[in-house]
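Engineer: One-letter residues, chain by chain:
2 protein chains.
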Amino acid sequence: MIKFINPSTEKPYIHFQSLYQEALENQQKGIEAISVSSYSQEMSEVEARYVNLKYIHNNEWIFFSNYNSPKAKQFKSHSQVSVLIFWSSINTQIRIKALISKTSMQFSDEHFKGRTKEKNALAISSNQSQTIDSFDEVEKNFYQTLNRMTSDTVRPDFWGGFSFTPYYFEFWKGHKNRLNKRYVFEQQDDGWVECLLQP
Amino acid sequence: MIKFINPSTEKPYIHFQSLYQEALENQQKGIEAISVSSYSQEMSEVEARYVNLKYIHNNEWIFFSNYNSPKAKQFKSHSQVSVLIFWSSINTQIRIKALISKTSMQFSDEHFKGRTKEKNALAISSNQSQTIDSFDEVEKNFYQTLNRMTSDTVRPDFWGGFSFTPYYFEFWKGHKNRLNKRYVFEQQDDGWVECLLQP
Numbered sequence: 000m001i002k003f004i005n006p007s008t009e010k011p012y013i014h015f016q017s018l019y020q021e022a023l024e025n026q027q028k029g030i031e032a033i034s035v036s037s038y039s040q041e042m043s044e045v046e047a048r049y050v051n052l053k054y055i056h057n058n059e060w061i062f063f064s065n066y067n068s069p070k071a072k073q074f075k076s077h078s079q080v081s082v083l084i085f086w087s088s089i090n091t092q093i094r095i096k097a098l099i100s101k102t103s104m105q106f107s108d109e110h111f112k113g114r115t116k117e118k119n120a121l122a123i124s125s126n127q128s129q130t131i132d133s134f135d136e137v138e139k140n141f142y143q144t145l146n147r148m149t150s151d152t153v154r155p156d157f158w159g160g161f162s163f164t165p166y167y168f169e170f171w172k173g174h175k176n177r178l179n180k181r182y183v184f185e186q187q188d189d190g191w192v193e194c195l196l197q198p
Numbered sequence: 000m001i002k003f004i005n006p007s008t009e010k011p012y013i014h015f016q017s018l019y020q021e022a023l024e025n026q027q028k029g030i031e032a033i034s035v036s037s038y039s040q041e042m043s044e045v046e047a048r049y050v051n052l053k054y055i056h057n058n059e060w061i062f063f064s065n066y067n068s069p070k071a072k073q074f075k076s077h078s079q080v081s082v083l084i085f086w087s088s089i090n091t092q093i094r095i096k097a098l099i100s101k102t103s104m105q106f107s108d109e110h111f112k113g114r115t116k117e118k119n120a121l122a123i124s125s126n127q128s129q130t131i132d133s134f135d136e137v138e139k140n141f142y143q144t145l146n147r148m149t150s151d152t153v154r155p156d157f158w159g160g161f162s163f164t165p166y167y168f169e170f171w172k173g174h175k176n177r178l179n180k181r182y183v184f185e186q187q188d189d190g191w192v193e194c195l196l197q198p
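First to last, the protein sequences are chains A and B.
Just so we're aligned: the first sequence equals residues 0 to 198 in numbering that gives the first Met the number 0.
Just so we're aligned: the second sequence equals residues 0 to 198 in numbering that gives the first Met the number 0.
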């Protein structure tokens, strides 16, 4: 589930929310799973991975991560990302282009406080995407951290939110004979400009 | 469905095929849907979209597209892509990095011949991703082309296959408490090097 906080009433946001509602009514599994593609300047490489979208707060789309992970480094050196959502239950693909940055520390603190002890123990114990000798070692680190956790355990500096602000939306709806319908909203100085694309 | 032709027997390919089989047995929907992320040099932008993977031919992974589409232009200027697969039925994510180029004209011709008249009419009639005034216009172009199609209609030059060859695989398997298991295979001069990553 995605939590909407004071969501934008601009046209692509209204359209997004109505599709989200439709997907929800159709029991879409993993409705919060989004793929985030980023660019590594250092390696001249595109990389993509799934993350769970937690909030849409006005026009900011927020998920959480380790700030030392490869993706965090990529966001820092190239702040433009591409986000892809596919809801099979309504045969809808949503393509977004956006700029990404860290959320406020306060927002991350509050989200951290609301999570389970297990999730937070993992956030603390894992050096995300670093190599490790065995999965047993991962489990050992996790359970050691979990046992040390108290109600006073605070968010570590190396973990927090990322927020992206879309400047481009494509809503793609599958149709018979692949006559798919593609609506685009692109942000320009004077607001969102709409167009249709060929399938 | 993905068609395997003489597939590579290298370790990550064997692993991929066994996961594919498992997803198939678990009635995975849209098993051939993959997200392909590319980089536009011109715009300094990452872009991603879903395509249907049709073949794995030895170590080449093949899908088809319009050669004048934005993604085709991006592949030409930056031949590295990132490919993402998520099979929810077995809670498995596969992350691939690869180099991409056009397939042979012969391969594209043969694939075109085996497709339905409707699919080929769309390949011919659509200027993929160009703006259009109305969806009615899309349908009109499609049906006009469909009515002109004969058994002699040949593949247009502007439509054909793309083939990507992976040099990096990550197999991510979701696990309790997010102690997800991440296996990596990276191609080096002397073959595939394996490692484990922290969740």
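The hints are simulated quantities; they were obtained by calculation from the structure and are not laboratory data.
Accuracy of the hints is not assured; some may be wrong.
[To be verified] Distance windows between CB atoms, simulated:
no., chain 1, residue 1, chain 2, residue 2, range
1, B, E24, A, D108, 43 to 53 Å
2, B, E117, A, N67, 29 to 39 Å
3, A, M0, B, F3, 36 to 46 Å
4, A, V192, B, W191, 43 to 53 Å
5, B, R177, A, T130, 31 to 41 Å
6, A, N146, B, M0, 46 to 56 Å
7, B, I89, A, E185, 33 to 43 Å
8, A, D188, B, E41, 33 to 43 Å
9, B, S150, A, S133, 54 to 64 Å
10, B, G173, A, T130, 38 to 48 Å
11, B, E24, A, D188, 52 to 62 Å
12, A, S100, B, L23, 52 to 62 Å
13, B, I13, A, Y142, 29 to 39 Å
[Stated by the list, open to error] Residues of chain A clear of chain B, computed beta-carbon distances all greater than 10 Å:
no., residue
14, M0
15, I4
16, K10
17, Q20
18, E24
19, Y49
20, K53
21, E59
22, S128
23, S133
24, V137
25, R147
26, N176
27, R181
28, C194
Glycine is no exception: its CB is placed at the ideal position from the N, C-alpha and C atoms.
Engineer: Hint by hint, note whether the structure agrees.
Structural biologist: Checked hints:
Taking the beta carbon of each, E24 (chain B) and D108 (chain A) are about 44 Å apart, inside 43 to 53 Å as hinted. Checking the proposed 29 to 39 Å range against E117 (chain B) and N67 (chain A) shows it is violated: the Cβ atoms sit about 50 Å from each other. Separated by about 37 Å at the C-beta atoms, M0 (chain A) and F3 (chain B) satisfy the suggested range of 36 to 46 Å. About 47 Å separates the C-beta atoms of V192 (chain A) and W191 (chain B), a value consistent with the hinted range of 43 to 53 Å.
Here the CB-CB span from R177 (chain B) to T130 (chain A) is close to 18 Å, at odds with the stated 31 to 41 Å. Roughly 47 Å separates the CB atoms of N146 (chain A) and M0 (chain B), a value that falls within the hinted 46 to 56 Å. Checked against the hint of 33 to 43 Å, the C-beta distance between I89 (chain B) and E185 (chain A) comes to roughly 37 Å, which is consistent with it. Range check, D188 (chain A) to E41 (chain B): Cβ separation about 21 Å, and the 33 to 43 Å hint is violated.
The hinted window of 54 to 64 Å between S150 (chain B) and S133 (chain A) holds, with their beta carbons roughly 60 Å apart. Roughly 20 Å separates the CB atoms of G173 (chain B) and T130 (chain A), a value that falls outside the hinted 38 to 48 Å. Between E24 (chain B) and D188 (chain A) the CB atoms are about 53 Å apart, so this pair conforms to the stated range of 52 to 62 Å. The hinted window of 52 to 62 Å between S100 (chain A) and L23 (chain B) is violated, with their beta carbons roughly 41 Å apart.
The supplied range of 29 to 39 Å is met by I13 (chain B) and Y142 (chain A), whose beta-carbon atoms lie about 33 Å from each other. Against chain B, the non-interface label of M0 (chain A) holds: every CB pair exceeds 10 Å, the least being about 16 Å. Its beta-carbon lying about 24 Å from the closest one in chain B, I4 (chain A) satisfies the requirement of being farther than 10 Å from that chain. Chain B leaves K10 (chain A) outside its interface by the beta-carbon criterion, the shortest separation being 17 Å against a cut-off of 10 Å.
Here Q20 (chain A) stays apart from chain B, with its beta-carbon at least about 21 Å from theirs, past the 10 Å limit. Its beta-carbon lying about 18 Å from the closest one in chain B, E24 (chain A) satisfies the requirement of being farther than 10 Å from that chain. The Cβ of Y49 (chain A) sits about 6 Å from the closest Cβ of chain B, inside the 10 Å cut-off, so the non-interface label is violated. Here K53 (chain A) stays apart from chain B, with its beta-carbon at least about 14 Å from theirs, past the 10 Å limit.
No beta-carbon of chain B comes within 10 Å of the beta-carbon of E59 (chain A); the shortest separation is about 19 Å. With a closest Cβ-Cβ approach of about 5 Å to chain B, S128 (chain A) is found to fall inside the 10 Å limit, against its non-interface label. Chain B draws S133 (chain A) into its interface by the beta-carbon criterion, the shortest separation being 7 Å against a cut-off of 10 Å. Not every CB of chain B lies more than 10 Å from the CB of V137 (chain A), the least distance being 6 Å, so the non-interface label is violated.
At the 10 Å boundary, the C-beta of R147 (chain A) stays outside the reach of chain B, the nearest C-beta of that chain being 16 Å off. With a least CB separation of 5 Å from chain B, N176 (chain A) falls inside the 10 Å interface cut-off, contrary to its annotation. Its beta-carbon lying about 8 Å from the closest one in chain B, R181 (chain A) breaks the requirement of being farther than 10 Å from that chain. Annotated as non-interface, C194 (chain A) brings its C-beta within 10 Å of a C-beta of chain B; the closest such distance is 5 Å.
Against the hints set out earlier in the document, violations occur for numbers 2, 5, 8, 10, 12, 19, 22, 23, 24, 26, 27 and 28.
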